[in-house]
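A.B. asks: Chains A and B supply the protein sequences, listed in that same order. 113 is the number that this note's numbering gives the last residue of the first sequence; the numbers go up by one with no jumps. 100 is the number that this note's numbering gives the last residue of the second sequence; the numbers go up by one with no jumps.
No wet-lab data here; the hints were simulated from the structure. Cβ coordinates follow ideal geometry from the N, Cα and C atoms, glycine included. Do not take every clue at face value.
[Claimed, not checked] Stretches of chain A that chain B covers, calculated by requiring three or more beta carbons in the stretch to come under 8 Å of a beta carbon on chain B: (1) 45 to 59; (2) 69 to 79; (3) 101 to 113.
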Amino acid sequence: DIQMTQSPASLSASLEEIVTITCQPSQGIGNYLSWYQQKLGKSPQLLIHSATSLADGVPSRFSGSRSGTQYSLKINRLQVEDTGIYYCLQISSTPYTFGAGTKLELK
Amino acid sequence: EVQLVESGGGLVQPGRSLKLSCLASGFTFSNYGMNWIRQAPGKGLEWVASISSSSSYIYYADTVKGRFTISRDNAKNTLYLQMTSLRSEDTALYYCARGKSDYWGQGVMVTVSS
């Protein structure tokens, strides 16, 4: 099974700050990686698919990137509505696996 | 508008069975693979099972293999999850998700307890 190591586990940042969350798979997954945001009591919402493609309707301050085997989600100019828990998901091979999540709060 | 509406959850005793449904609308259901993903209270997300558009390919997490069965009825635009031999560790909010998990339902709660 592919393990997804997500970091940090929690993050406190200020408004307008740049935030970066990373996921490191235990083996190669190509670009089969997605990022989700989950707000309290809500279903996860897709932010990024195929490692770098912005999902429909997602603000352009969100971006995804890949450097070798490390995948990153970047939020430019953090807004109040960006608080929540962020997850990565690999869909390269079953069992599909999620990162443990990053809880993002406003400082 | 894509909509996924789960139903069938509830409180069930350990060892018993339950069948979840997910009614899809707003897209051509028969063109998409579908997934079940769950989230235990206060925990992260766990993929449970996937089924291809024509039911030709089916995959399960090891934690549910042999106990859960994913299926679909394309004529009814509905995805199912038959759960048997339920355990306390199956207690979770169960989501259905479309394709590469681009759209998710609101989830249905399953509580396994005596």
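A.B. asks: Compare the structure with each hint and give your call.
C.D. replies: Status of each hint after checking the structure:
1. Only residues whose beta carbon comes within less than 8 Å of a beta carbon in chain B count, and the region 45 to 59 of chain A has 5; three or more means the coverage holds.
2. Requiring three or more residues with a Cβ within less than 8 Å of a Cβ of chain B, the coverage given for the region 69 to 79 of chain A is violated, as only 0 such residues are present.
3. Remark: the region 101 to 113 of chain A is confirmed as covered by chain B, as 7 of its residues place a Cβ nearer than 8 Å to a Cβ of that chain, reaching the required three.
The earlier numbered hint that this structure contradicts is number 2, and it is the only one.
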